[in-house]
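Visitor: Listed here are the chains, written in short residue letters.
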Amino acid sequence: MSISTSIWVWMAALLTLMVYSFLYKDNPFYRLAEHIFMGLSLGYTLTILWYNYIIPRVYEPLFLPPHQWSLIFPILLGMMTFGIFSKKYSWLIKYPLAFYVGGYAGLRIPLLLQSWIIRQVEASFLTPDKFTSLMSSINAILIFAGLFATLIYFYFSKKREHGFGAAAQVGIVFIMVAFGAAFGYTVMARISLLIGRMQFLLHDWLGIM
Amino acid sequence: MLIGLLFFFGQMPITVVATTDSISLKPPTNLRAMDTPNDHGESITLFWDRPLDISNIEGYQIFREAEDESLHLAGYAPVNKTEYLDQLGLRNNVEYQYSMRSINPEGVVSIFSELPPVVTAYPQWFKKNEVNILIMIIIYLGLVVYFVRIARKGKKIFLRRIPGLDALEEAVGRATEMGKPILYVPGIWPMDEIGTIAAMNILKPVSKKVAQYESRIIVPCIDPIVMNVAQQTVKEGFTEAGRPDRYNQDDVFFLTSAQFAYAAGVNGIMVREKPATNLFLGVFFAESLLLAETGNATGAIQIAGTDRVPQLPFFVAACDYCIMGEELYAASAYLSEDPRLISSIKAQDWGKMAILISLFFGSVFSIFGLRFILSWFSAG
Amino acid sequence: MRRRLPVIIAFGIGFLMLIQYFIPHPRSEEFYNVIVQQWFIIIFAFMYIFALRSFFMHHITKVKRKKEGYIFSAVAMVSVLFMLLSGLITSRGPFFDSLYNYMIAPLQGTMFSLLAFFIASAAFRAFRARNVQATLLLVTATIVMIGRVPIGDYLWRGMPDLVEWIMTVPSMAAMRGIRIGVGLGAVATAMKIMLGIERSYMGGE
Amino acid sequence: MGFWQRFLQLDRKWIFIGIAIVVIIPLIKPLGLPIKPTKPVIDLFTYIDTLGPESDPVMVVTGFDPSTMPELMPMEQALLRHCLTKGIPVISFGGLYPAYIGMAKMAIDEVSADFPDKKYGEDYVFLGFIPGVSAVILSIGIDIATTFGNDYYGTPIDSLPMLRGVKNYSDISLVVDVSGSSTPEYWLMYAQERYGVNIGVACTAVSAPAFYAFLQSGQFVGMLGGLKGAAEYEELMARKGYPTGRRPATIGMDSQSLAHLLIILLIILGNAGYFIVRRGERRQGIIRRKK
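Residue numbers (my numbering), protein chains in the order written: chain X, 8 to 216; chain G, 222 to 601; chain F, -9 to 195; chain S, 22 to 312.
Calculated from the structure, these hints are not laboratory results.
Predicted, not measured: the structure shown is a model, and the values here were computed from it.
In this text, a Cβ means the ideal position worked out from N, Cα and C, and glycines have one as well.
There's no promise every hint is true.
Stated by the list, open to error - Have a look at the derived ranges for each label pair, beta carbon to beta carbon: (1) F:Phe85 / S:Gly142: 15 to 23 Å; (2) S:Gly142 / F:Gly59: 25 to 33 Å; (3) F:Phe85 / G:Asp471: 53 to 61 Å; (4) S:Arg267 / X:Phe89: 34 to 42 Å; (5) G:Phe586 / S:Arg303: 48 to 56 Å; (6) G:Asp466 / S:Ala231: 48 to 56 Å; (7) X:Tyr31 / G:Arg373: 55 to 63 Å.
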């Protein structure tokens, strides 16, 4: 293996080094890479938006038969955003915003309830099948207690006194263990990413490993 | 794609090899076909009983035929199954005739099972299996409305402190003292996430405070709708504080559109503009630590809050204060001091209590074999 | 009227999208698809016009006023146009792909990998046994970290099992609790938006 | 200011340099730290190892794109190598999404170059992307030839000698999904539960915990999680004397181990320093009060 002769690989390698230079301190190289990155990503998003969304979902249904004339409504709604150019009509933007945000709010309610609440609660009941062995019984009770304490920790409208305060204390213990575990667990993945980049530099670019 | 598959299956020859094996091999019995309930149609569920002797059977072939579809192989199920969901190439309101046969590892097949009555797939108008979700929504909505009404009557509600929010005012004040701006990062997710909406809800009281302190707020955005909302919100905040003149639209801007490009850009802002206070509030993913650690290096006071559980540890580690999980949603109510908003937090607490009680009694009853509380929480 | 109508719109569309979930009929699916994949996209696209305006104004002002580092603003603007044009002219041909694979992807990967450094410095600085909570945090993090590499296995055979136990028992309990709380909070927020109680997202009253 | 006080305020640049060093050096000069395979990896390895040239083929599904390549590419290559070494027929499936096909091609090209005696079409085949995701998984359960039609290179499936007699999942001994996302759940739901085919999974370290439950319930034959899983697999192959190629995961694992150790060392020293400094401060406080 020897050093790469591909101009693309060189480009990738130089950009990689420019970003790493930020670790020392902010400098013109990082700044250059940063602005190239911001520009290219935006250009990329626009291209994708154009080909994958605007053309098949808006342009074609509207301008090719059978014309989907109902799309005029969202276009009118979208045009209301231009109101912000004038002081008098700047409130017009509230209509598309209300439509968009209100629509998503309604859309999310059953989904949130299902995946963030019902599924979690469903899995937490202490059913007899969780008590098959001593270990599994202890674990099941621990999970149950931890869940109780965590929920109480987040209780807003009650003073943390007596039993409630104690439960909240237990809750924060579980929360801290969970945070520590998540932190430690993520370390591996992040180091792997760095190894991947280094393998690119050493293997694909410099050809020394 | 599916039509293509259907076409292929339609062309497949069906070879029936009649050997002694095929006679000893028994087909499944009691085949029943029905429309799959609670769906949009185009799906049929089959049930059957296993043959008595399954020792030599590898699985079952499922065949289907309709007026304009010749008899063809439509599915396969391994020997231990007694149920099959056929969803490939079915159409609504077409009569289908199903049949099955067993197949052994050598590819020898049995005779066909008895034919069940013809069946049609059709769509339903209501997901009966998720009626529990609908009921819960109605109850919860009722709670929210109830507490908002109570609040209108002027009843005070006790709320515990959230340290991160208490620190907010001080953090804004500090920026003014130092003559440096405040950076508000509203997360990297579009406006369709509730966490982002919460970030916008907090932005208004924050920008009001910023205007009162005559400070400057920088809001870089990654999503166009978030940017438009943020501009409206900050403008309104400044107006309410009586300082519309201090609002600078160029400070609430669209940075770029991709996660890590955004992180790179925000890092750039942090090291160059050196804001005295960084607020990371909203939906964050892996970039959380990139932002928080850079901000920490610049010496800014940092308050972070997110509903993304996996990112919380990083904010806890690298920021001065962390608003955890649902506290993010409560934050706008805390800051706004609007009694109607505050009161809805009470509904959240009632929800929590209801869940705790259900969990407790559901578990106790289930030990005695009563599973009705459990069934309220079965998802579909 | 001017104040109420947006609230009515928010409630109306929110209610329809909510009910839509419970109707499996193809009509309802069609409604969903039209709203989410077309109407929302169109509104999004219009908002993008303003986002782009904001982006270019931000950088053009810098260039015009010859602010410190204005050259980078020029680079950013050129990059957008370059990427967009190479996508449109080649209809996303191989050159466009190469720009993605050898410029955007490495930049993305490298930014992501900075986390390896930051996670180390954050751990060093933040993991001090100041009190019980902080001690728990750092002890769990350390155990999990060591249990994830082969050395953990050599130090103590049970290490990987201990890590798994931490992940699936105490950690899971807390994660679930937080998730349920987040779910309740998010649903309440969504309801407040639908009911028009919360409307700071559109600038307020 | 004493040593510990200064250490506690250590500039983060030194930490960055430390991490860079412990990651780069083992890559250039591997240390060969011992690797001890864990049960999920052994299970998958043993399952494949008991197969042979006469067995039904193993299907290796590519489910990752460049972003998770550092972790997953070594796994895919190790799995392909293992099968080719043992002469097990391999179906490499380019994946459920179009972004994965490039990765699949890279893997099969690199590995097959090391096995010049293995013939395409007889010892291994490469199936391309077709749209449909779950519908694709379902229809493989009915008929592979009609699902795909042609292989990646455009050859009709029927004319590939290896696939003669391979009709659907019942003629496949194992499907391994090498995935950077939640696709293993699809394979579980549509292929395993529906058709009863055996599923193995190779995934990133981040998604591994989510699949543990399925592993315990026996729904997955075995699992490779993260770079560690890949390194363990390479180790198992090396123990059996199979050719392992460059062993990228094992090399990476040295860096991984050292980086973890460095971070842990920093935490320990940080705390030691913290306590020493605090005790010093307390003592000074006492002295001051006495005065």
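Visitor: Determine for every hint whether it applies to the structure shown.
Guide: Status of the hints after comparison with the structure:
1. F:Phe85 / S:Gly142: 15 to 23 Å: violated (34 Å)
2. S:Gly142 / F:Gly59: 25 to 33 Å: Given a distance of about 58 Å, which is not inside 25 to 33 Å, the answer is violated.
3. F:Phe85 / G:Asp471: 53 to 61 Å: violated (34 Å)
4. S:Arg267 / X:Phe89: 34 to 42 Å: violated (59 Å)
5. G:Phe586 / S:Arg303: 48 to 56 Å: 55 Å Cβ-Cβ, so the 48 to 56 Å window holds.
6. G:Asp466 / S:Ala231: 48 to 56 Å: holds (52 Å)
7. X:Tyr31 / G:Arg373: 55 to 63 Å: Given range 55 to 63 Å: holds, Cβ gap about 58 Å.
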